[in-house]
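K.L.:
What follows is each chain in one-letter form.
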Amino acid sequence: MSIVFSLTEGIKSMAKARLATMLSISSITFTIILIGIFALFSLNLHSWIKQIRQKIEMEVFLKIGTEEKQIKSLQTTLSQIPGIDSISFISKEHAAKRFNSEFGEDVYSILEFNPFPNSFRLTLEERYQNSEGVKKIQDSIKNLSNIDEIVYQQPLLITIDRYVNIVYLIMLIASAVIILIAMMLINNTIRLTIYARKDIIQIMRLVGATEGYVKRPFIVEGILQGFIGSLAAMLIVLYLNKLIKNLFLPQLIENYQILALLIVFGTIMGMVSAYISVGKYLRNI
Amino acid sequence: MIQLFNVNLYLQNKQILRHITFKIDKGEFVYIIGPSGAGKSSIIKLINFATLPDSGTVIVNQYSSAKIKNKQIPLIRRSLGVIFQDFKLLYDRNVFENIALALRVTGAKKTDISKRVLRVLTEVGLSHRRNYFPRDLSGGEQQRVAIARALINEPFILLADEPTGNLDPQSATEIVEILERINHRGTAVLMATHNYSLIKKYPHRTLIIENGVMQNQ
Chain A
127 MSIVFSLTEG IKSMAKARLA TMLSISSITF TIILIGIFAL FSLNLHSWIK QIRQKIEMEV
187 FLKIGTEEKQ IKSLQTTLSQ IPGIDSISFI SKEHAAKRFN SEFGEDVYSI LEFNPFPNSF
247 RLTLEERYQN SEGVKKIQDS IKNLSNIDEI VYQQPLLITI DRYVNIVYLI MLIASAVIIL
307 IAMMLINNTI RLTIYARKDI IQIMRLVGAT EGYVKRPFIV EGILQGFIGS LAAMLIVLYL
367 NKLIKNLFLP QLIENYQILA LLIVFGTIMG MVSAYISVGK YLRNI
Chain B
16 MIQLFNVNLY LQNKQILRHI TFKIDKGEFV YIIGPSGAGK SSIIKLINFA TLPDSGTVIV
76 NQYSSAKIKN KQIPLIRRSL GVIFQDFKLL YDRNVFENIA LALRVTGAKK TDISKRVLRV
136 LTEVGLSHRR NYFPRDLSGG EQQRVAIARA LINEPFILLA DEPTGNLDPQ SATEIVEILE
196 RINHRGTAVL MATHNYSLIK KYPHRTLIIE NGVMQNQ
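In order, the protein sequence lines correspond to chains A and B.
Count along the first sequence from 1, then add 126; that gives the number in the working numbering.
Count along the second sequence from 1, then add 15; that gives the number in the working numbering.
Errors might be hidden in some of the hints.
[As the list claims (entries may be wrong)] Here are the computed lysine to aspartate or glutamate pairs in the EDC-like style, where the Cα-Cα straight-line distance is at most 20 Å:
| no. | chain 1 | residue 1 | chain 2 | residue 2 |
| --- | --- | --- | --- | --- |
| 1 | A | 218 | A | 185 |
| 2 | B | 82 | A | 325 |
| 3 | B | 103 | B | 151 |
| 4 | B | 130 | B | 101 |
| 5 | A | 181 | A | 193 |
| 6 | A | 406 | A | 325 |
| 7 | A | 138 | B | 169 |
| 8 | B | 60 | A | 275 |
| 9 | A | 324 | B | 127 |
| 10 | B | 86 | A | 337 |
| 11 | A | 142 | B | 112 |
| 12 | A | 138 | A | 325 |
| 13 | A | 198 | A | 252 |
| 14 | B | 84 | A | 325 |
| 15 | B | 103 | A | 325 |
| 16 | B | 130 | B | 169 |
| 17 | A | 261 | A | 380 |
| 18 | A | 142 | B | 183 |
| 19 | A | 324 | B | 169 |
| 20 | A | 138 | B | 107 |
| 21 | A | 198 | A | 219 |
| 22 | B | 60 | A | 325 |
| 23 | B | 125 | B | 112 |
| 24 | A | 324 | B | 107 |
| 25 | B | 125 | B | 156 |
| 26 | B | 215 | B | 183 |
[What the hints assert, rightly or not] A partial selection of chain B residues facing chain A, derived with a Cβ cut-off under 10 Å:
| no. | residue |
| --- | --- |
| 27 | 52 |
| 28 | 103 |
| 29 | 165 |
If you're looking for bench data, these hints aren't it; they were derived computationally from the structure.
Even glycine gets a Cβ: it sits at the ideal position worked out from N, Cα and C.
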């Protein structure tokens, strides 16, 4: 009964301050669209970076003249180092063949001997696929005997680690700012509806309504604004995602869980800002 | 039942009530008279706990202003009926809805609401006007709607703040007659007024207040 009353009064309240309600819903829609875009962008960025990191390999070159027995012992040692996912041995003959297939020339016809050293190619476990993890593995390997050089794509890793966090941070700050702006607009709408409905508030108090009962329609109003605004935003983000995927980026990820979360987030945002403003403005009535 | 003991009240640094002491017994009809601004409405606000005294004590049934908690105030108000000179009706809903609101806030059942609203509307002679909006009613009828709303929760006292102030003499008489009827059935009435002819016609214990001071306490 009380829920029906709160819902009816909440809708009446929105209808009474139509312009402010529209502004408030639009601001929620705008906010949630941006947050949705940020979320999907982060998701795609994360997946793209993960793919890059997975491709990162370390090549450990052995000193010329390392004997087979020493190579075997070194492989056993490497397999015990934490963070190394797989080890494949590249013999100097295999390296020469690879040179041949990559450059189309036989190394023996150029130099009359095979200059390539034996090497191990290492792939890394996921949590070591960053500059810090790679450094740790490098430190564990570099002092082993018969190691000549360790090669990996260090600059790429450093770039990823440095800039990705900055991008995430910028998106986080931008989200916080627009959420704050949207909450201020909802706050303003609730303030207007409270003043537009001060008669019923006074009468409800006069006839013995509890403060919770008086507040509830305004909280419902905030929830409805949040829900309507974020539902519209979710549909727009979904449409944009499909459009971009079809037109430019077929590999773009669609994530319906994130889209559903946008509605939950928008609704909670509406409720929280209404709760704050009701507490603030009802005191003056 | 209602007792004010040595009550002082200030509003914006101005003393509105000075050392007010009086008591209203169960089922009594009491007038408070005095010129505008004398403090009559403030006394009604104190009894309704819309305001608390700066010193002294207001006691309504078992509740005392000295110990009252905010969450108890709505409960007291459900046992008090209040009507005003300006009716304080909601003009965007009909007579039935105006009265039903007072029951809805108490969490009453829907079926119960219809029955009780119709009963109280019959008491004030307006059951045929239940679907009318307040703006389609005369001043006297609007005040009867306000009385019906005040009575819906069966209060032990009806507080009437200048209830005839906006009405023509005939409507004013009708309103006081309704209040008399309510009082005969056992509900106490405290009526603030400066309509002396009505007091002469329907005499009851009368408290006189001037400049915030009770003249005959």
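K.L.:
For the pair supplied as a hint, residue 103/B and residue 325/A, is the alpha-carbon distance within the 20 Å limit?
P.N.:
8 Å, holds
K.L.:
Compare the distance between the alpha carbons of residue 86/B and residue 337/A with 20 Å, and conclude whether the hinted pair is satisfied.
P.N.:
8 Å, holds
K.L.:
Given the hinted pair residue 142/A and residue 183/B, is their Cα-Cα distance within 20 Å?
P.N.:
Violated - the C-alpha atoms of residue 183/B and residue 142/A are around 34 Å apart, more than 20 Å.
K.L.:
Could you check if residue 165/B really has its C-beta closer than 10 Å to a C-beta on chain A?
P.N.:
For residue 165/B, the interface hint holds, since the closest Cβ of chain A sits about 8 Å away, which is under 10 Å.
K.L.:
Regarding the pair residue 138/A and residue 107/B, is the alpha-carbon distance no greater than 20 Å?
P.N.:
10 Å, holds
K.L.:
Against the 20 Å threshold, does the CA-CA distance of residue 218/A and residue 185/A hold or violate the hint?
P.N.:
Distance ~13 Å between residue 218/A and residue 185/A Cα, so the pair holds.
K.L.:
If you draw a straight line from the CA of residue 198/A to the CA of residue 252/A, is it 20 Å or shorter?
P.N.:
26 Å, violated
K.L.:
Residue 60/B and residue 325/A: Cα distance at most 20 Å?
P.N.:
17 Å, holds
K.L.:
Within 20 Å, alpha carbon to alpha carbon, are residue 130/B and residue 101/B?
P.N.:
Outside the cut-off at roughly 27 Å; violated.
K.L.:
Please verify whether residue 60/B and residue 275/A have alpha carbons no more than 20 Å apart.
P.N.:
Answer violated: residue 60/B to residue 275/A is near 90 Å, above 20 Å.
K.L.:
For the hint on residue 52/B, does the least C-beta distance to chain A fall short of 10 Å?
P.N.:
Since chain A brings no Cβ nearer than about 21 Å to residue 52/B, farther than 10 Å, the hint is violated.
K.L.:
Taken at face value, is the distance from the CA of residue 193/A to the CA of residue 181/A at most 20 Å?
P.N.:
30 Å, violated
Hints 2, 4, 5, 7, 8, 9, 13, 14, 17, 18, 19, 25, 27 from the list above are not met by this structure, while the remaining hints are.
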